[in-house]
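Enquirer: Chain residues, written in single-letter form:
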Amino acid sequence: MKEELKQLELDGSARIAEASDLKSLEEVRVAYLGRKGRITEILKGLGSASPEDRRSLGQMANLLKDQFAQRIDARKTELEAALREQKAQEQRVDMSLPGRAIPPGHVHVLNQIADEISDIFIQMGFQLALGPDVETEYYNFDALNTPDDHPARDSHDTFFVKPGVVLRTQTSPVQIRVMEQTRPPVAVIAPGRVYRVDLDATHSPMFVQMEGLLVDKGITFSDLKGTLMHFIHSFFGPDIQVRFRPHFFPFTEPSAEVDILWTARDRHTGEVKSKWLEILGCGMVHPEVFKNVSYDYEEYSGYAFGLGIDRIAMVRHGISSITHLYENDMRFLEQF
Amino acid sequence: MQISLNWLKELLPLEADADEIAEHLTMLGLEIEAVRRPGQDIENVFVGRILDIQPHPEADKLVVCRTDAGQGEALQIICGATNMKVGDKVPTAIDGATLPGGFKIGSRKMRGIQSCGMMCSARELGLGEEHAGLLILDKNAPIGQDIRDFLGLNDVVFEIEVTPNRGDWASMIGVARELAAFYGLQMTLPDAEVKESGEPAAAWSSITIEAPDLCPRYAGRILRNVVIKPSPPWLCARLIAAGQRPINNVVDITNYILMETGHPLHAFDYEKLKENRIVVRRARADEKITTLDGTERQLQEDMLVIADAENAQAVAGIMGGADSEVEKTTTTILLESAWFESRCVRSTSRRLSLSTEASQRFQRGADMQMLPYALNRAARLMQELADAEVAPGILDAWPQQRAYPAVTLRYERTVSRVGVNVAPAEQKRFLVSLGCELESETDASATFKIPSWRHDIRHEADLIEEVARLFGYENIPVTMPPVRQAESVFAPHATILRNFRRYLAGQGLTEVMNWSFGSPEGAVDAGLPVSPADQVYLSNPLSENYAVMRFSLLPGLFGTAAYNAKRGRRDLRIFELGPVYRNSADEILPAEPMYAGILLSGNAPGHWSRAECSYDFYDIKGCLDVIARFFGKELTLEESASSGFQKGQFAEIKWRKHILGCIGKVADEVVKTFGLPENTYVLEINLEILLAKKTEPAQFTAIPQYPASLRDLAVVVDRAVPAKDLVAATKQAAGPLLTAVNVFDVYSGKPLPSDKKSIALSLLFQSPDRTLTDKDTQKTMDRIVSRLRKDFEAELR
Numbered sequence: 007m008k009e010e011l012k013q014l015e016l017d018g019s020a021r022i023a024e025a026s027d028l029k030s031l032e033e034v035r036v037a038y039l040g041r042k043g044r045i046t047e048i049l050k051g052l053g054s055a056s057p058e059d060r061r062s063l064g065q066m067a068n069l070l071k072d073q074f075a076q077r078i079d080a081r082k083t084e085l086e087a088a089l090r091e092q093k094a095q096e097q098r099v100d101m102s103l104p105g106r107a108i109p110p111g112h113v114h115v116l117n118q119i120a121d122e123i124s125d126i127f128i129q130m131g132f133q134l135a136l137g138p139d140v141e142t143e144y145y146n147f148d149a150l151n152t153p154d155d156h157p158a159r160d161s162h163d164t165f166f167v168k169p170g171v172v173l174r175t176q177t178s179p180v181q182i183r184v185m186e187q188t189r190p191p192v193a194v195i196a197p198g199r200v201y202r203v204d205l206d207a208t209h210s211p212m213f214v215q216m217e218g219l220l221v222d223k224g225i226t227f228s229d230l231k232g233t234l235m236h237f238i239h240s241f242f243g244p245d246i247q248v249r250f251r252p253h254f255f256p257f258t259e260p261s262a263e264v265d266i267l268w269t270a271r272d273r274h275t276g277e278v279k280s281k282w283l284e285i286l287g288c289g290m291v292h293p294e295v296f297k298n299v300s301y302d303y304e305e306y307s308g309y310a311f312g313l314g315i316d317r318i319a320m321v322r323h324g325i326s327s328i329t330h331l332y333e334n335d336m337r338f339l340e341q342f
Numbered sequence: 028m029q030i031s032l033n034w035l036k037e038l039l040p041l042e043a044d045a046d047e048i049a050e051h052l053t054m055l056g057l058e059i060e061a062v063r064r065p066g067q068d069i070e071n072v073f074v075g076r077i078l079d080i081q082p083h084p085e086a087d088k089l090v091v092c093r094t095d096a097g098q099g100e101a102l103q104i105i106c107g108a109t110n111m112k113v114g115d116k117v118p119t120a121i122d123g124a125t126l127p128g129g130f131k132i133g134s135r136k137m138r139g140i141q142s143c144g145m146m147c148s149a150r151e152l153g154l155g156e157e158h159a160g161l162l163i164l165d166k167n168a169p170i171g172q173d174i175r176d177f178l179g180l181n182d183v184v185f186e187i188e189v190t191p192n193r194g195d196w197a198s199m200i201g202v203a204r205e206l207a208a209f210y211g212l213q214m215t216l217p218d219a220e221v222k223e224s225g226e227p228a229a230a231w232s233s234i235t236i237e238a239p240d241l242c243p244r245y246a247g248r249i250l251r252n253v254v255i256k257p258s259p260p261w262l263c264a265r266l267i268a269a270g271q272r273p274i275n276n277v278v279d280i281t282n283y284i285l286m287e288t289g290h291p292l293h294a295f296d297y298e299k300l301k302e303n304r305i306v307v308r309r310a311r312a313d314e315k316i317t318t319l320d321g322t323e324r325q326l327q328e329d330m331l332v333i334a335d336a337e338n339a340q341a342v343a344g345i346m347g348g349a350d351s352e353v354e355k356t357t358t359t360i361l362l363e364s365a366w367f368e369s370r371c372v373r374s375t376s377r378r379l380s381l382s383t384e385a386s387q388r389f390q391r392g393a394d395m396q397m398l399p400y401a402l403n404r405a406a407r408l409m410q411e412l413a414d415a416e417v418a419p420g421i422l423d424a425w426p427q428q429r430a431y432p433a434v435t436l437r438y439e440r441t442v443s444r445v446g447v448n449v450a451p452a453e454q455k456r457f458l459v460s461l462g463c464e465l466e467s468e469t470d471a472s473a474t475f476k477i478p479s480w481r482h483d484i485r486h487e488a489d490l491i492e493e494v495a496r497l498f499g500y501e502n503i504p505v506t507m508p509p510v511r512q513a514e515s516v517f518a519p520h521a522t523i524l525r526n527f528r529r530y531l532a533g534q535g536l537t538e539v540m541n542w543s544f545g546s547p548e549g550a551v552d553a554g555l556p557v558s559p560a561d562q563v564y565l566s567n568p569l570s571e572n573y574a575v576m577r578f579s580l581l582p583g584l585f586g587t588a589a590y591n592a593k594r595g596r597r598d599l600r601i602f603e604l605g606p607v608y609r610n611s612a613d614e615i616l617p618a619e620p621m622y623a624g625i626l627l628s629g630n631a632p633g634h635w636s637r638a639e640c641s642y643d644f645y646d647i648k649g650c651l652d653v654i655a656r657f658f659g660k661e662l663t664l665e666e667s668a669s670s671g672f673q674k675g676q677f678a679e680i681k682w683r684k685h686i687l688g689c690i691g692k693v694a695d696e697v698v699k700t701f702g703l704p705e706n707t708y709v710l711e712i713n714l715e716i717l718l719a720k721k722t723e724p725a726q727f728t729a730i731p732q733y734p735a736s737l738r739d740l741a742v743v744v745d746r747a748v749p750a751k752d753l754v755a756a757t758k759q760a761a762g763p764l765l766t767a768v769n770v771f772d773v774y775s776g777k778p779l780p781s782d783k784k785s786i787a788l789s790l791l792f793q794s795p796d797r798t799l800t801d802k803d804t805q806k807t808m809d810r811i812v813s814r815l816r817k818d819f820e821a822e823l824r
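Those sequence lines, one after another, are chains R and A.
With the working numbering applied, the first sequence corresponds to residues 7 to 342, in that order.
With the working numbering applied, the second sequence corresponds to residues 28 to 824, in that order.
Just so you know, the hints here were simulated from the structure itself, not pulled from any lab data.
Here the structure is a predicted model, which is why all the values come from computation and not from measurement.
Don't take every hint at face value.
Claimed, not checked - Some residues of chain A that are not near chain R, with every Cβ distance over 12 Å (derived): (1) 68; (2) 84; (3) 451; (4) 499; (5) 512; (6) 747.
As the list claims (entries may be wrong) - Taking lysine-lysine pairs in the BS3-like style, the calculated list, with each CA pair at most 30 Å apart, reads: (7) 751/A <-> 223/R; (8) 36/A <-> 281/R; (9) 297/R <-> 455/A; (10) 777/A <-> 751/A.
Claimed, not checked - Coverage of chain A stretches by chain R, computed from C-beta distances (three or more under 8 Å per stretch; other residues unrestricted): (11) 45 to 57; (12) 93 to 105; (13) 214 to 224; (14) 324 to 338; (15) 527 to 536; (16) 541 to 554.
Just so you know, even glycine gets a beta-carbon here, dropped at the ideal spot from N, CA and C.
Please model the complete structure; the sequences and the hints are all you need to start from.
Expert: Below, the structure is given as structure tokens:
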């Protein structure tokens, strides 16, 4: 009996070790530990052994049973691990292949810029305002202190719809429309399309501007500087150099243009160069403009500014020609 | 406008270097567009003296000269010119010299004889067109002096942009005046003393002003025995630096004075004026004039002309007439220096499409006080350079004196508007330095007489700007204003539209942005119902292709699709968001409703794991579904017909009773007209109503606590039966236990007869207050089936 158990241990251990899959391992378990298994049979047959043998054989057989159970478990763990590994290998993916989704589209770069700029001003407390593209001459020029014989009109090559009606040449008429609707304080920004009869590599007959207007008691030119510096530093980065230089607009006095010192690598020569780039015009609202909307110049003051979204987009993204912006070439639109 | 630094230095003792001056001009408001150094193209060219001229043994047209250019030994130079003689001083380029245009001069043999340099014509030095012979220099020119120094070519030219308010900056004196104020320097005006001789001017001619409202002052001088010839090199150099082309001494002098003083002059050939006199009047009906550019121009009765006793001889302030032009044979000149109303010059210039150096200056407002000075300066130069005899006296018709305004500045105002504390004394000093004359003052304010050249200063705010400008914008502090908001809301839909744009991009749609104008045919070609009266026409469009404001987004989207298809990109998934323009009968301005348009063409975005799939109607409808979802509105389709769309794949988009737009497959003819990819689907929808009608906030429905039961039902019906009707009938027959119906399969083809299709519905049954039994569900199913049988002759599959 002892010999038999010894032999059983040898054979069984070998068969457990050799079991190459869970099914054959299960067969081994049934063959030894199952209800009719060899060890079960031996334990059942102990009744016929002598009492002293019964004790020692019983111990041996139970020990062997536990041993086998453990070995089978261990082997099972091994086989399961191998199986998982095999499955993992079989199901390995090529992570470099594109994922599956509707590829997101692109918001037009000009709207991305306009939104980003709007957010900066909205955080400061401005709200959005809008005006029509087809505008009266009164709003586009006269109310903005630019009467018909004003030389400033020469620089605006205007599209006419009919006498007295034009395509707005600037977003500034929104200033008037807003001030006509409300009393101070006013704090608005007004993005929109504007039009001038001009078409070449640097001019598009339609382009996009954003107007800003703040009117309240005690607003100063230094406030204008502060507001615009804040915007420029938020948008272009805190280290960018800014300069305000005197300029002329009929509807502001004093007036200024604002340049940033822009550093870029030349596309062709590779040279890194800095130069001053004009990005916006601004000034203190002209007393004549206040008069036209019945605001009291003695009591209130305010500033206005207008920036070219196209120009800012071109500067920021290094876009070489304004025509790209309205050509709608997918190879362009999908870059942003 | 081009400003020469050498010229400025003649007017005031500038010491700053050119870059510094450029920076200061910029910060004073004169925008510098470029800084050029014209002389830097010229190198190793010196004043030389011709010592000897011998014929060339091998060439009739060449001579061999020996020239002393101060470079040690005399140089042997072969030359083709004939206008020089021994002893003449000429610009001499030595071996290794560079001339404008990058020409390099070396030593070389010409017809067998060595030539060690070149003697130069005016053109070769970049001094105009004169190329008939060598440029003969002044007898006293120092041999060996660098030609750039001798001719004043060592100059720096600032190209400035003159803003429309500052006509006075369009001159050397104007810029010098500004710099004088900035640097605290004294400007010296060049000498305008004239030696007069002969009969007085009044004996020669007379000036009559018949339109004093348009010409309040007209002055003239008579110059006799004028000799027309090329201008001397220094004058040519100056004109070239200022961007002018030298022509002859008389023309050049008028241009020179224009550049120097900013005051336009005009020289008439005195002999060609009928009765030798000047009449300033409005043009007659049907009067014509041929201007100096050779164009005959039809004048109008409100245009101002300078006439002789009979005919118009110049368009006032804009351009002279060809009939009285100064020619080589001219001996007597009537020189005009006048002041014309800017409004009149502007409107005439615009109507004649004729813009000149003169008109630009009069439009911005000339300086009436400058007029006699400019006249005398020119007369003096004519005397020096054209041998003119100046008749005594100025013919000065000045029927209307103009008063120059006085403007009061409250010092405190500067402080409160600019935000910086500039002391009153300093404010006053700035203004006086700019030419404002103090008329009266108190502790708190001062009243200034505004100088005649400053048409832009009319209001206190203008004086504040002058103070701020001279104080320096860069010295004004930076403060943050408190931003207070009005109660009104000016753009209530802006945020929604921005979200909508991002939402569409999230659907894989790329935004395009087309110009707002297009061809009048665009909407018609797209098959839209449009009448000419609906469209907004431009009276001066870029071209016929851009003659109307867009009536619809579709032509623009088609244009974009065609543009990209032409470049090999046929698979498109794009949208545009923007206004369209529609005439409204009662309003001055057209309506500008906000529209959205979507175009799909070619294949849907592919993936390596799937077969390619071309777009069909359900893709564009899906786009509409997401729009409906975004705005929380139920949008319905109503099949319709349009020449622009394929029959059976076109519908109007409706919300309740409102037609909001259209959707469908673009018809083959339209595909051909626009050059589109073949399967192109579009939708266009008016967003105004969707934006305006607020959706009620969704109200919570309790989550069902009892399990649902899911059944499928497939029926065969006629192909013409819309799924929508089946679903509606199903819902009706089922009653409240049916909580959701979904079409999950549609099939037609074998083995079904060709006029039949199978539609499979999945049905979800659920009760809020109990668990449904099979019996409950089956009873409802039976009701549905019998209803579908009855309504649609549906057969169970």
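Enquirer: Was residue 68/A rightly flagged as not at the interface, with every chain R Cβ beyond 12 Å?
Expert: holds, 21 Å
Enquirer: Please settle this one: residue 451/A was flagged as non-interface, so is its CB more than 12 Å from every CB on chain R?
Expert: Holds: least Cβ distance 18 Å, greater than 12 Å.
Enquirer: Cut-off 8 Å, C-beta pairs, minimum 3 residues; does the coverage of the stretch 324 to 338 of chain A by chain R stand?
Expert: violated (count 0)
Enquirer: Beyond 12 Å from chain R, beta-carbon-wise, is residue 499/A?
Expert: violated, 10 Å
Enquirer: Starting from residue 777/A, check that the Cα of residue 751/A is at most 30 Å away, please.
Expert: holds, 24 Å
Enquirer: For the stretch 541 to 554 of chain A, do three or more residues have a beta carbon lying closer than 8 Å to a beta carbon of chain R?
Expert: Holds: 4 residues of the stretch 541 to 554 of chain A have a Cβ under 8 Å from chain R.
Enquirer: Examine the stretch 527 to 536 of chain A for residues whose CB is less than 8 Å from any CB of chain R, and state whether their number is three or more.
Expert: It holds: at least three residues are needed, and the stretch 527 to 536 of chain A offers 8 whose Cβ sits within less than 8 Å of chain R.
Enquirer: Should the label of residue 84/A as a non-interface residue stand, given a Cβ cut-off of 12 Å to chain R?
Expert: Non-interface label on residue 84/A holds, nearest chain R Cβ at 51 Å vs cutoff 12 Å.
Enquirer: For the stretch 214 to 224 of chain A, do at least 3 residues have a Cβ located nearer than 8 Å to some Cβ of chain R?
Expert: violated (count 0)
Enquirer: Verify the proposed pairing of residue 751/A with residue 223/R, using a straight-line Cα cut of 30 Å.
Expert: This hinted pair is violated, its Cα atoms lying about 62 Å apart.
Enquirer: Can we trust that residue 512/A is non-interface, i.e. its beta-carbon lies farther than 12 Å from all of chain R?
Expert: Non-interface label fails for residue 512/A: nearest chain R Cβ at 5 Å, not farther than 12 Å.
Enquirer: Within 30 Å, alpha carbon to alpha carbon, are residue 36/A and residue 281/R?
Expert: OK: residue 36/A and residue 281/R at ~28 Å, within 30 Å.
In summary, the numbered hints that this structure violates are 4, 5, 7, 12, 13, 14.
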